[in-house]
Amino acid sequence: MIGKLGLIIKREYLAKVRNRSFIVMTILSPLLIVGMIVLIAYLTKINDNEKRVISILNESAFFHQEFKPTEQISYIHLDGIDLEEAKDSINSMGYYGLLYLPYGKDAETVAKSAYLYTKDNPNTQMTQHLEGIIQRRLRQGRLEKLGVSQDQFSQVEQPFEINLATFDGEKSVKGINEIKAFIGGGFGYAIMMFIIIYGGFVMRSVIEEKTSRIIEVIISSVKPFQLMLGKIIGTSLAGITQFTIWLISASLLLFLAVMLFGIDLGSMANNTNMPPGAMNEMSQLATMDSEMMTYAREILDIPWGLLIVSFFIYFVLGYLIYSSIYAAIGAAVDNETDTQQFIFPIILPLMLAIYVGFFSVFSNPHGPIAVGFSLFPLTSPIVMLMRLPGGIGEGGVPLWQLLVSIGLLIITFLGIVSLAAKIYRVGILMYGKKPTYKELIKWLRY
Amino acid sequence: MDNILVAKNVSKSYGNYTALSSISLNIPKNCIYGLLGPNGAGKTSFIRIINQITHPDTGEILFNGEPLAPQHISYIGYLPEERGLYKSMKVGEQALYLAQLKGLSKTEAKKRLKYWFDRLDIGDWWNKKIQELSKGMAQKIQFIVTVLHEPKLLIFDEPFSGFDPINANIIKDEILQLKEKGTSIIFSTHRMESVEELCEYIALIHKSEKILDGKLSEIKKAYKNNVFNVGLEIQQDVDALMENLDKNYNILSSSFDGGENQLDFRVQLPSSHTAGILAELSSMANVNRFEETIPSANDIFIQTVNNKDNDR
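Top to bottom, those sequences are chains V and P.
Heads up, the first sequence is in this note's numbering, so the first residue is 152 and it goes up one at a time.
Heads up, the second sequence is in this note's numbering, so the first residue is 62 and it goes up one at a time.
To be clear, the hints were calculated from the coordinates, so they are not data collected in a lab.
Errors might be hidden in some of the hints.
[Unchecked claim] Part of the chain P face toward chain V, derived, beta carbon under 8 angstroms: (1) N112; (2) K148; (3) Y158; (4) G243.
Ideal Cβ positions, reconstructed from N, Cα and C, are used throughout, including at glycine.
Just need the whole structure built from these sequences, with the hints factored in.
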C-alpha cells in the first residue's frame, strides 16, 4: 500500500517537474522578480537624482536667509528684473519654477501675496517644502511679536517623540506591532499563494487524468483515495522544490544585483506599500542607534521557533484541506472551463483571510475579529500566523486559542478530505455531465 | 474449484437508478466468457465491481473460491472501455509505472516489457511519448500493460474498438494464446461477430438483469428450432413436386433456378429427427444440400432482448 503511494507520488512529482512550462516558470520567475526590483530601484534613483531648480524673485525685505539648497532643490536668486521677464527667463532656462515674493511692509503681507509659478502642476512634496520654510519664518515672526527670542524659539521647536514601554518595563518602539504582523502576514501570504498555485495544479492534473481516460486503468490497481493523496503530495513536493529554487536563486540574484548596480534597497522601503505608518516611522526613527537596537531586539524576540513550527502545521493542514477540495472539483468536471463556479467559493475565504488579516490584525492583533478568523478553520492558517509573532501567553495569543484553532483545523481536515474523496471517487468515473452542487451532494451518498 | 469467479445475487444502484439487480454468474476457469448486452445494460457496472472500483450494495463475489478482497487486484487485468494513457509520458516509463502499480518489481516489469515489445514488434517506441503515437499504437501499449502482470483473470471491455482489422486480428490471436496458457478471460461487448469466434460461455445482461447464461453451444442448441435448408437437383416438374412437399411438410420459403434445375427451400420440422424426410427426399430427387440452421449469437441476442421487452 505504502509502496504504491510512493510510486504515485514519484510519478506526480516527476511529471510536474519535467513539465516544460513548470521549468520555464521556475527559471524565469526569479529573473522577472529581481528584474522588477532592479528596475524599480533604478527608476527611483533616476527620479531622486533629478534636482529641481527654483528661481526666486524676491522684491521684499524678508525671507532672504531662509531658502537653503537641499538634495532635491537648489535655488537661484534673481535680481533687478520684473515678474514677466523672470517668467520668460525661467521658461528658457528650463528651471522647475519661479517663487515670486512681492514687496510688502511685513513678512505676513509678503507671504499672503507670494506666488509659485510652474510649467505644470507642481510636485506636492516640493510645494509642501516651500510652504514649510515660509510658515516657519512666519511663526518665528509672530512669536517674536509676543516677546519670544530667536534662541527661545529654536528651543521650543525641538521635536518631541513619546517614549514607549511595555508594562513589564521593557522599552518599546513604534510600529513594532505592524512589523510583527507583517512578518506573520508574509508566512500567511506564502500559504495562500501556495494553495492557489499548487491547488490549481492538482485540479488540472485530475482533469488531465479524466480527459486522457487513464483514470479507470489506474484505479483498477490502486484506491481512488491513494491516487488523490499521491497526487496532492507529489504536486506539493514539486511546489516546495519550486519555492526553494525561487528563494535561493532570487536571493542570489538580488545579492548580485545589489553588488553590481549598487542599489540601495533601504531607500526603496519608503516607496513600497507598507502598512500605514510602520515603515515610515521605522525609517525616521531608525537613524537613532538605540532605537535601532530596540527594533533588532524586538525582531529577534519574535518566537521564531514557534512561528516556524506553527507555519509548518498550518501549511500542511491548510494545504491538504484546500488541495483536496481542488482535487474534488477536478474530478467533478470534464474540462477546466467548467471549474469557475466551484473555484470562487474556495478563493473567497483565502482572500477574506488576507484582507481581514491586513486590516484587522494589524491594528489589533487580539481583537474579536482577529480571534474569530484565527479560529475559523478555512481562514486560520493565514490569520493565526499573523498573530503569532506576538508570542504565546501574556501579551500574545492565549494558548487555548492556538490549540482550539489547530484542533478545529484537524477536525475540518478529516471532514473535508473524506467528503472530497467521496466526490473524487464518484466524479472521476463520470463523463459528459456538467455537475451542479445538487448533484455533488447526491454523490456523497453513493 | 472450476470457477475463477462466482457472483451471487449482486445488486448495485446509484440513487434511484438500478445498475445491477441480483446478478448471479459462474465464470469457469480457463475459458473465454462473453458478457453481452446493449449499451447501458450494466456490464461496466459489473466489471467495476469485479475490479473493486465500486462495491456491490448486496451480494457476494468469490474469486477463486475466496471472497473478493484487495489482494486479488494483482491477479486481475482490466482493459476498460474508457481507456487511455498519460499523453506526455514516455511509453516505457508509463508501462513500467502501471506494471509496478500492479505489484511487479521494476526489474521483472522491464524484462516482461521487453518480451512483449519484441513480440508485438514495437521495441523502438520505448522513448516516444504517447501523444506521438497513433490511436491504434497506443491501444497496443494499453493491451500490453493489461496483460503484463500475467493475471489469472483478464477482463476486456470492448477490446477491439480503436483497432484496424489487421491489428484487431493480432490482438485476437494474443487473446486466444493467453487462453491457451490457462488464463480465464471475461470479454464484454455488444458486437456479436467477435463473440461467435471467441466465447465458449456467454451471459446476456439487459436492463440490469441477467436474462440468459450458459455454454454458447448449448444455448444455440436450445435456440434452434428445427429449421433446415434443403437443396434438390430435380428432373421432374417443379410445381407438382412443390405441391406434394407442401402437403406433407411446413415449407417456410422456396426458390427455383430453372437453368440448373435447382430447388432450394427452408422447412420447419416437428422434431430434430431427420431420417424420415431425408429418405423421402432422396427417393424424389438428388439431395445436394441438407443443413440445420443454427441461430447466430446476434439472433439469440435480439430475440431474447425483444422477448424480454415484450414481457413487460
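Cross-check of the supplied hints:
no.: 1; hint: N112; verdict: 4 angstroms, holds
no.: 2; hint: K148; verdict: 5 angstroms, holds
no.: 3; hint: Y158; verdict: 6 angstroms, holds
no.: 4; hint: G243; verdict: 21 angstroms, violated
Of the numbered hints listed earlier, the single one contradicted by the structure is hint 4.
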